[in-house]
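Chemist: The residues making up each chain are set out below.
Number of protein chains: 2
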Amino acid sequence: MTASTAVVLNSRPHGEPKLTDFRVETRPLPPPADGEVLLRTLFLSLDPYMRGRMNDAKSYAAAVPLGGVMEGGTVSEVLESRSPLLAPGDVVLSHDGWQTHAVRSAEGLRRLDPAQAPLSTALGILGMPGFAAYIGVEEIGRPAAGETFVVAAASGPVGSAAAQFARIRGARVVAIAGGARKTEWIRRELDVDAALDRRSPTFADDLAAAAPDGIDVYFENVGGAVFDAVLPLLNDHARVPVCGLVSQYNRTGADEGVDRLPALMTAINIKRMTFRGFTQRDFIATHTEAFRADVSRWWREGRLRYREDIVEGLENAPAAFLGMLRGDNFGKLVVRVAPDAPASGASPA
Amino acid sequence: MTASTAVVLNSRPHGEPKLTDFRVETRPLPPPADGEVLLRTLFLSLDPYMRGRMNDAKSYAAAVPLGGVMEGGTVSEVLESRSPLLAPGDVVLSHDGWQTHAVRSAEGLRRLDPAQAPLSTALGILGMPGFAAYIGVEEIGRPAAGETFVVAAASGPVGSAAAQFARIRGARVVAIAGGARKTEWIRRELDVDAALDRRSPTFADDLAAAAPDGIDVYFENVGGAVFDAVLPLLNDHARVPVCGLVSQYNRTGADEGVDRLPALMTAINIKRMTFRGFTQRDFIATHTEAFRADVSRWWREGRLRYREDIVEGLENAPAAFLGMLRGDNFGKLVVRVAPDAPASGASPA
Numbered sequence: 090m091t092a093s094t095a096v097v098l099n100s101r102p103h104g105e106p107k108l109t110d111f112r113v114e115t116r117p118l119p120p121p122a123d124g125e126v127l128l129r130t131l132f133l134s135l136d137p138y139m140r141g142r143m144n145d146a147k148s149y150a151a152a153v154p155l156g157g158v159m160e161g162g163t164v165s166e167v168l169e170s171r172s173p174l175l176a177p178g179d180v181v182l183s184h185d186g187w188q189t190h191a192v193r194s195a196e197g198l199r200r201l202d203p204a205q206a207p208l209s210t211a212l213g214i215l216g217m218p219g220f221a222a223y224i225g226v227e228e229i230g231r232p233a234a235g236e237t238f239v240v241a242a243a244s245g246p247v248g249s250a251a252a253q254f255a256r257i258r259g260a261r262v263v264a265i266a267g268g269a270r271k272t273e274w275i276r277r278e279l280d281v282d283a284a285l286d287r288r289s290p291t292f293a294d295d296l297a298a299a300a301p302d303g304i305d306v307y308f309e310n311v312g313g314a315v316f317d318a319v320l321p322l323l324n325d326h327a328r329v330p331v332c333g334l335v336s337q338y339n340r341t342g343a344d345e346g347v348d349r350l351p352a353l354m355t356a357i358n359i360k361r362m363t364f365r366g367f368t369q370r371d372f373i374a375t376h377t378e379a380f381r382a383d384v385s386r387w388w389r390e391g392r393l394r395y396r397e398d399i400v401e402g403l404e405n406a407p408a409a410f411l412g413m414l415r416g417d418n419f420g421k422l423v424v425r426v427a428p429d430a431p432a433s434g435a436s437p438a
Numbered sequence: 090m091t092a093s094t095a096v097v098l099n100s101r102p103h104g105e106p107k108l109t110d111f112r113v114e115t116r117p118l119p120p121p122a123d124g125e126v127l128l129r130t131l132f133l134s135l136d137p138y139m140r141g142r143m144n145d146a147k148s149y150a151a152a153v154p155l156g157g158v159m160e161g162g163t164v165s166e167v168l169e170s171r172s173p174l175l176a177p178g179d180v181v182l183s184h185d186g187w188q189t190h191a192v193r194s195a196e197g198l199r200r201l202d203p204a205q206a207p208l209s210t211a212l213g214i215l216g217m218p219g220f221a222a223y224i225g226v227e228e229i230g231r232p233a234a235g236e237t238f239v240v241a242a243a244s245g246p247v248g249s250a251a252a253q254f255a256r257i258r259g260a261r262v263v264a265i266a267g268g269a270r271k272t273e274w275i276r277r278e279l280d281v282d283a284a285l286d287r288r289s290p291t292f293a294d295d296l297a298a299a300a301p302d303g304i305d306v307y308f309e310n311v312g313g314a315v316f317d318a319v320l321p322l323l324n325d326h327a328r329v330p331v332c333g334l335v336s337q338y339n340r341t342g343a344d345e346g347v348d349r350l351p352a353l354m355t356a357i358n359i360k361r362m363t364f365r366g367f368t369q370r371d372f373i374a375t376h377t378e379a380f381r382a383d384v385s386r387w388w389r390e391g392r393l394r395y396r397e398d399i400v401e402g403l404e405n406a407p408a409a410f411l412g413m414l415r416g417d418n419f420g421k422l423v424v425r426v427a428p429d430a431p432a433s434g435a436s437p438a
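Top line first, the protein sequences correspond to chains A and B.
Residues 90 to 438 (our numbering) make up the first sequence, in order.
Residues 90 to 438 (our numbering) make up the second sequence, in order.
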């Protein structure tokens with residue numbers, strides 16, 4: 090009988106999660122039944138949305154129950170198969186969460202070809218984060234050639250993909266990151282028109298200078314001070330795809346001070362702007378095919394840069410996740426759960 | 090030589106306009122040149138957007154200059170014509186502002202047929218306010234049959250049209266007005282599922298009770314306390330066409346207290362909502378034909394109720410306008426500028 094070691098939710102965080110909100114457990118797994126496979130996790134994806142799953146609040150997805158395995162996308166290898174769909178040795182994209190092994194139905198698991206792209210990219214630019222960027226750019230923001238497109242967290246998997254997809258559409262791209270190292274990477278690696286450090290004391294002025302014609306599309310994935318600097322620069326008919334608000338995920342209570350809600354509504358009205366929240370899940374059925382066709386082609390053509398931040402060992406996932414919410418990661422955060430999982434070939438820079 | 094008596098902008102208001110922000114002037118008009126017509130104003134439309142034109146702030150339309158004639162749509166009669174397009178006696182939809190006469194090019198003036206509908210409806214349900222409602226419902230909000238649609242100021246020209254257009258699409262409609270008289274009119278005249286008084290001390294609870302399945306489309310034309318009651322009830326994928334914010338137009342400065350902007354952005358994100366500001370002007374080229382076809386048919390079929398609030402005499406326009414910003418009007422506010430203009434036949438109730 091196989092055992093799975095898992096990181097489970099130990100307690101619900103109030104505000105910033107702590108290491109003690111997680112605990113590690115090892116539990117036996119049943120053998121696979123008919124139609125099922127036994128998988129071992131090679132790579133686990135860590136993403137900001139997981140913070141929301143730790144809350145017991147109404148959202149577009151169910152909360153992780155107390156004592157439940159933390160949710161997450163995985164790249165996994167088939168160890169045993171009782172399904173004609175998969176054979177031992179196949180590598181698949183799965184969603185087994187923060188654990189070393191899983192037994193599940195073989196239905197809906199997508200086989201990955203390591204010759205096409207490094208396996209871990211299926212958790213990043215060629216996977217869910219890339220798809221979220223694709224929907225925000227291609228379906229909601231739709232920057233036209235010459236329009237100004239702004240995105241933050243642009244060394245991360247969603248932001249870097251969004252910046253590059255917008256550039257491919259011919260937009261003028263202003264990409265923002267936190268700190269000099271990340272900003273320098275963006276400037277060097279991404280083909281953008283301006284790379285800005287949101288931690289600079291002159292950030293708001295820098296942004297205004299980098300967007301002399303205003304902002305037509307702001308891909309929102311951070312919120313907070315970046316949004317505050319963006320808002321006055323938004324043009325008539327600006328579009329704001331709201332993909333996420335990572336700066337807000339650990340917020341508790343509310344900010345005292347001036348209520349800016351009426352001013353935001355007035356700006357939306359007067360400037361005839363569109364603010365649209367979205368999650369990539371709602372577009373899987375309709376847009377996956379176009380995403381795979383476009384983004385794999387751009388990848389094969391060498392047009393995409395992509396950086397990973399690989400953490401070794403499942404036991405280090407909680408600390409890495411907490412760091413990500415503070416912006417400590419530098420690139421797509423992936424946990425190498427199986428020590429022998431192949432090294433990533435994603436542009437390491 | 091003809092003279093025109095006009096209401097001009099005397100001073101820019103700070104907050105709520107005063108009567109002294111207007112003054113009346115009589116000025117000579119030149120005779121019409123080639124291609125021009127001399128018009129006399131029969132009816133003048135008073136609309137909330139005019140408050141914005143009194144400010145010297147960036148908006149989607151230019152401000153009225155100090156000393157300039159207040160802007161506004163008019164139903165006007167041709168007195169003299171030097172254009173083959175129009176003949177004396179023709180009645181047209183024009184935009185001559187708050188004045189008794191005007192000389193202008195005959196180009197672009199639409200001839201009105203009093204046999205089709207009362208002339209003043211061209212300023213209301215069959216004109217700009219009806220068109221704004223049409224865009225907000227048909228193009229942006231798009232309530233599906235059975236979805237819950239909410240609109241305020243529903244005894245006014247935009248709100249009453251929006252409520253009825255949504256009803257024709259098969260939506261469940263909750264219509265809101267200020268005060269018992271208006272609410273009673275909505276309940277009696279409009280075919281809506283619930284009529285609510287926003288001045289009731291139990292308004293927020295009344296709204297929750299009237300929308301037991303939440304709100305799918307909120308047609309925003311008032312802002313303020315109505316929006317505050319709507320926001321927590323908005324469903325996943327809710328759409329909020331932002332047509333106007335009449336409760337905000339006289340605001341000065343900002344509200345102290347809790348900053349609700351981050352919470353609004355979080356709600357837009359988590360509920361995957363769309364907030365879209367619009368002005369009907371942006372849709373004239375593309376949607377006028379469909380609007381005229383649909384709404385004139387519904388009008389002829391007797392499916393639309395419409396109420397007017399007629400003010401006699403241009404000199405009473407400023408006081409009526411100020412009252413409208415406080416919600417004193419009951420129905421579409423129209424000034425009968427020419428004492429002999431035909432009485433309206435719009436459902437007087």
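These are calculated hints, taken from the structure and not from any lab test.
Incorrect hints may have been included.
[What the hints assert, rightly or not] Pairwise CB distance ranges (calculated):
(1) A:377 <-> B:259: 29 to 35 angstroms
(2) A:148 <-> B:389: 45 to 51 angstroms
(3) B:148 <-> A:383: 35 to 41 angstroms
(4) B:346 <-> A:405: 40 to 46 angstroms
(5) B:389 <-> A:390: 57 to 63 angstroms
(6) B:268 <-> A:343: 29 to 35 angstroms
(7) B:344 <-> A:391: 35 to 41 angstroms
(8) A:268 <-> B:387: 43 to 49 angstroms
(9) B:346 <-> A:268: 50 to 56 angstroms
(10) B:341 <-> A:270: 24 to 30 angstroms
(11) A:375 <-> B:282: 31 to 37 angstroms
(12) B:174 <-> A:373: 20 to 26 angstroms
(13) A:383 <-> B:389: 46 to 52 angstroms
(14) B:114 <-> A:288: 42 to 48 angstroms
Even for Gly, the Cβ is constructed at its ideal location relative to N, Cα and C.
Chemist: Hint by hint, note whether the structure agrees.
Modeler: The hints, checked one at a time:
Checking the proposed 29 to 35 angstroms range against residue 377 of chain A and residue 259 of chain B shows it holds: the Cβ atoms sit about 32 angstroms from each other. In this structure the hint that residue 148 of chain A and residue 389 of chain B lie 45 to 51 angstroms apart at CB holds, the actual value being about 48 angstroms. The supplied range of 35 to 41 angstroms is met by residue 148 of chain B and residue 383 of chain A, whose beta-carbon atoms lie about 38 angstroms from each other. Between residue 346 of chain B and residue 405 of chain A, the C-beta spacing of about 43 angstroms keeps the proposed range 40 to 46 angstroms intact.
Between residue 389 of chain B and residue 390 of chain A the CB atoms are about 58 angstroms apart, so this pair conforms to the stated range of 57 to 63 angstroms. Separation of residue 268 of chain B from residue 343 of chain A is about 32 angstroms and conforms to the stated range, judged on CB atoms against 29 to 35 angstroms. In this structure, residue 344 of chain B and residue 391 of chain A break the distance hint of 35 to 41 angstroms, their C-beta atoms being roughly 52 angstroms apart. The given range of 43 to 49 angstroms is broken by residue 268 of chain A and residue 387 of chain B, whose C-beta atoms sit roughly 59 angstroms from each other.
Hint check: residue 346 of chain B to residue 268 of chain A, Cβ distance near 34 angstroms, so the stated range 50 to 56 angstroms is violated. Checked against the given bound of 24 to 30 angstroms, the beta carbons of residue 341 of chain B and residue 270 of chain A, roughly 45 angstroms apart, lie outside it. For the pair residue 375 of chain A and residue 282 of chain B, the beta carbons lie near 32 angstroms from each other, so the given range of 31 to 37 angstroms is met. Taking the beta carbon of each, residue 174 of chain B and residue 373 of chain A are about 55 angstroms apart, not inside 20 to 26 angstroms as hinted.
At roughly 49 angstroms, the beta carbons of residue 383 of chain A and residue 389 of chain B sit within the given window of 46 to 52 angstroms. A hinted range of 42 to 48 angstroms is violated for the C-beta pair residue 114 of chain B and residue 288 of chain A, which are about 57 angstroms apart.
Going down the numbered hints, you'll see the structure goes against 7, 8, 9, 10, 12 and 14, while the others check out.
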